[in-house]
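Fit chain B with the ligands to the supplied structure of chain A, relying on the hints for placement.
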Amino acid sequence: MEGKIIVVTSGKGGVGKTTTTSAIGAALALEGNRVAIVDMDIGLRNLDVVMGLENRIVFNIVDVVQQKCKIEQAAIRDRRIENLFLIPASQSDNKDVLSTAGIERVAEDLRKQFDYIIMDSPAGIERGFENSIVGASEALVVCTPDVSAVRDADRVIGILYSRSLTPKLIVNRIEPGRVKRGEMLSHEDVMDVLAIELAGLVPMDDKVLISSNTGTPLVLQNDSKAGQAFKRIARRLNGEADLPFEAPTDRSSMWGKISRTFGLR
Amino acid sequence: MLSGLLKRFTRQKTKSKDEAKKRLQFSLIYDKLDLNDTILMDLQNDIVDVISKYFEIDKQSLELKVKRDDNVSALVFNTPILQVRRRRA
Ligand SMILES: Nc1ncnc2c1ncn2[C@@H]1O[C@H](COP(=O)(O)OP(=O)(O)O)[C@@H](O)[C@H]1O
Ligand SMILES: [Mg+2]
Chain A
0 MEGKIIVVTS
10 GKGGVGKTTT
20 TSAIGAALAL
30 EGNRVAIVDM
40 DIGLRNLDVV
50 MGLENRIVFN
60 IVDVVQQKCK
70 IEQAAIRDRR
80 IENLFLIPAS
90 QSDNKDVLST
100 AGIERVAEDL
110 RKQFDYIIMD
120 SPAGIERGFE
130 NSIVGASEAL
140 VVCTPDVSAV
150 RDADRVIGIL
160 YSRSLTPKLI
170 VNRIEPGRVK
180 RGEMLSHEDV
190 MDVLAIELAG
200 LVPMDDKVLI
210 SSNTGTPLVL
220 QNDSKAGQAF
230 KRIARRLNGE
240 ADLPFEAPTD
250 RSSMWGKISR
260 TFGLR
Chain B
0 MLSGLLKRFT
10 RQKTKSKDEA
20 KKRLQFSLIY
30 DKLDLNDTIL
40 MDLQNDIVDV
50 ISKYFEIDKQ
60 SLELKVKRDD
70 NVSALVFNTP
80 ILQVRRRRA
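Protein chains in written order, with numbering that gives the first Met the number 0: chain A, 0 to 264; chain B, 0 to 88.
Same shape as in the complex, but just chain A (with noise of 0.2 angstroms):
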């Protein structure tokens, strides 16, 4: 096996890193791959809480990158999701610990024993920022469409460009009725200022919460819209390459779907 591995990362905290990472995680296990998830917010552990698999922690990816465990013993499988396995941080601030050989060691062997595997970025531009794209061939940024996240997510493509990796943006938290008023950046806008390739797009969904208030998968909810954007994500990841993006669209306002069917907008 020759897997990937693709990083998720954003520079500003709280767009929906952590949120991508799982969902994402979650809808390429359920197209059939074997998928590991690896948390590397160092310190700030969240992967495990929001994917409900807090209470089954034994080792941590830092006991994996110390050679005090073997990736089988940290990995916990997902009982509701098949071949799907998260590695957890943490909760010691011990980043700095993890040397550079040591992650590369563990991303070779990840990429054997997993077709995908997600990594989780912490916040910022540092050290555990810089651990996390150590091993990743592909990456993700992730960014609401707001003045604050669009410049750091600018600041964290151009890193990304100077370490030989191309990434793909995801815009987060979109509110169509919002970008209707000219309230928020459309994802148009974002792409015209960040000037790379988009990766999808996901609505604000008030079923994120949710979902990860009960720990349960939000790509197995049907009715979720975000959950339906991040599984289309997937599948472009997974091969579908030219599967089209689809702005989200507001569900409240009748006369938008009506213009739209109909060509008018």
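Hint data in this document are derived by calculation from the structure and do not stem from the laboratory.
Dumping the calculated BS3-like pairs for lysine-lysine here, alpha-carbon to alpha-carbon at most 25 angstroms:
#1 Lys31/B with Lys64/B
#2 Lys31/B with Lys11/A
#3 Lys16/B with Lys167/A
#4 Lys11/A with Lys21/B
#5 Lys11/A with Lys16/B
#6 Lys21/B with Lys179/A
For clarity, every value in this text was computed on a predicted model and none was experimentally measured.
Below, chain B with the ligands alone, put in the same frame as chain A:
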């Protein structure tokens, strides 16, 4: 027609997102220039090399700067030309 009417009712005086976009476009350019003083210097040297093939220029009084107004930001390279070089066939 109807949609035009609706738009008129819902139109805002200023679209804040347009302002956001413009400000971002500017600040991203500036962020990069700030970060890369050496790149700016390299660029200046390269430009001088190219122009010097065609003109003799006053290297002391040239300037490379970023100009910014409401709609565009531009890289402006200003140099007095002392003499046009003859090019050999
Ligand atoms: N598409 C979305 N719709 C609604 N809430 C979202 C969406 N994406 C993320 N969130 C919420 O935003 C918060 C931050 O998300 P998270 O994934 O933890 O960000 P990060 O990992 O970048 O810090 C969480 O409370 C999450 O539930
Ligand atoms: Mg996170």
